[in-house]
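Those sequence lines, one after another, are chains E and H. Here the numbering used here runs 20 ahead of the position in the first sequence, where the first position is 1. Here the numbering used here runs 23 ahead of the position in the second sequence, where the first position is 1.
Since the hints were made in silico from the structure, they are not lab data. The beta carbon of each residue, even a glycine, is placed where N, CA and C say it ideally should be. Do not take every clue at face value.
As the list claims (entries may be wrong) - DSSO-like cross-link-like pairs, simulated, lysine-lysine; straight-line CA separation at most 30 Å: (1) H:K67 to H:K40; (2) H:K67 to E:K76; (3) E:K77 to H:K67; (4) H:K67 to E:K90; (5) E:K90 to H:K61.
As the list claims (entries may be wrong) - Pairwise CB distance ranges, derived in the manner of DEER restraints: (6) E:K79 to H:T43: 38 to 44 Å; (7) E:E25 to H:A81: 19 to 25 Å; (8) H:M123 to E:P28: 26 to 32 Å; (9) H:S45 to E:G60: 17 to 23 Å; (10) E:D87 to H:M123: 16 to 22 Å; (11) E:I33 to H:N53: 37 to 43 Å; (12) E:N38 to H:K40: 47 to 53 Å; (13) H:L138 to E:T71: 47 to 53 Å; (14) H:K40 to E:G73: 48 to 54 Å; (15) H:N79 to E:E58: 28 to 34 Å; (16) H:Q37 to E:S47: 38 to 44 Å; (17) H:N53 to E:D87: 26 to 32 Å; (18) E:P28 to H:N79: 31 to 37 Å; (19) H:G105 to E:E25: 29 to 35 Å.
The primary structure of each chain is shown beneath.
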Amino acid sequence: TQLLEQSPQFLSIQEGENLTVYCNSSSVFSSLQWYRQEPGEGPVLLVTVVTGGEVKKLKRLTFQFGDARKDSSLHITAAQPGDTGLYLCAGRDNYGQNFVFGPGTRLSVLP
Amino acid sequence: DAMVIQNPRYQVTQFGKPVTLSCSQTLNHNVMYWYQQKSSQAPKLLFHYYDKDFNNEADTPDNFQSRRPNTSFCFLDIRSPGLGDAAMYLCATSRGLAGMSDTQYFGPGTRLTVL
Numbered sequence: 021t022q023l024l025e026q027s028p029q030f031l032s033i034q035e036g037e038n039l040t041v042y043c044n045s046s047s048v049f050s051s052l053q054w055y056r057q058e059p060g061e062g063p064v065l066l067v068t069v070v071t072g073g074e075v076k077k078l079k080r081l082t083f084q085f086g087d088a089r090k091d092s093s094l095h096i097t098a099a100q101p102g103d104t105g106l107y108l109c110a111g112r113d114n115y116g117q118n119f120v121f122g123p124g125t126r127l128s129v130l131p
Numbered sequence: 024d025a026m027v028i029q030n031p032r033y034q035v036t037q038f039g040k041p042v043t044l045s046c047s048q049t050l051n052h053n054v055m056y057w058y059q060q061k062s063s064q065a066p067k068l069l070f071h072y073y074d075k076d077f078n079n080e081a082d083t084p085d086n087f088q089s090r091r092p093n094t095s096f097c098f099l100d101i102r103s104p105g106l107g108d109a110a111m112y113l114c115a116t117s118r119g120l121a122g123m124s125d126t127q128y129f130g131p132g133t134r135l136t137v138l
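The following block holds chain E by itself, in its conformation from the complex:
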């Protein structure tokens, strides 16, 4: 069973700073999703990436899928307190058998 690893596990930064969080696996994924989850709520979809090397932008958020489709990154520019939450990556392996979540990165943006 492949694993998705995320780093860092926790991140606390000041408003206005930039940050990058990572999602890595030893397996190839047919697609990866990024979600943000706030306490007591369900995960909210941010983006899906499917093509190796793909870069998607969502306002201040930039998502990249690795060329080999084994890793992904999320970069936030000029973080705001509203970005605080648990960032989860998830995906299905290339054989279509298993859909898994990474353990998440818990981000805290301080005003």
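For chain E, the structure is supplied; the task is to place chain H on it using the hints.
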């Protein structure tokens, strides 16, 4: 507009007393999923339906069952809840199981407390 709806948002049950959690969707998606999420952990897939085809994860306890009477609704039945079953239960949907169609949309969750 809510697309994946879960009721109730909070459910309290007693040890051993059967409980049913409800999920409905307005997306007309083929796939519906149930996840269990415990505090500070990632969601853990319990099972999913592709249309009427039920797919159980290997490590999902027999205590957990699911029903999907039609495209829109899916239920999670916990036959004899134990204290360890207290968690957030998340329902999700997707159009399919590959590529962009594999994108899952989550409901707000039902937080289950077992007394």
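Hints, verified against the model:
no. : hint                        : result
1   : H:K67 to H:K40              : holds, 23 Å
2   : H:K67 to E:K76              : holds, 27 Å
3   : E:K77 to H:K67              : holds, 28 Å
4   : H:K67 to E:K90              : holds, 21 Å
5   : E:K90 to H:K61              : holds, 27 Å
6   : E:K79 to H:T43: 38 to 44 Å  : holds, 40 Å
7   : E:E25 to H:A81: 19 to 25 Å  : holds, 22 Å
8   : H:M123 to E:P28: 26 to 32 Å : holds, 29 Å
9   : H:S45 to E:G60: 17 to 23 Å  : holds, 18 Å
10  : E:D87 to H:M123: 16 to 22 Å : holds, 19 Å
11  : E:I33 to H:N53: 37 to 43 Å  : holds, 40 Å
12  : E:N38 to H:K40: 47 to 53 Å  : holds, 50 Å
13  : H:L138 to E:T71: 47 to 53 Å : holds, 49 Å
14  : H:K40 to E:G73: 48 to 54 Å  : holds, 52 Å
15  : H:N79 to E:E58: 28 to 34 Å  : holds, 30 Å
16  : H:Q37 to E:S47: 38 to 44 Å  : holds, 42 Å
17  : H:N53 to E:D87: 26 to 32 Å  : holds, 31 Å
18  : E:P28 to H:N79: 31 to 37 Å  : holds, 34 Å
19  : H:G105 to E:E25: 29 to 35 Å : holds, 30 Å
Checked against the numbered hints above, the structure breaks none of them.
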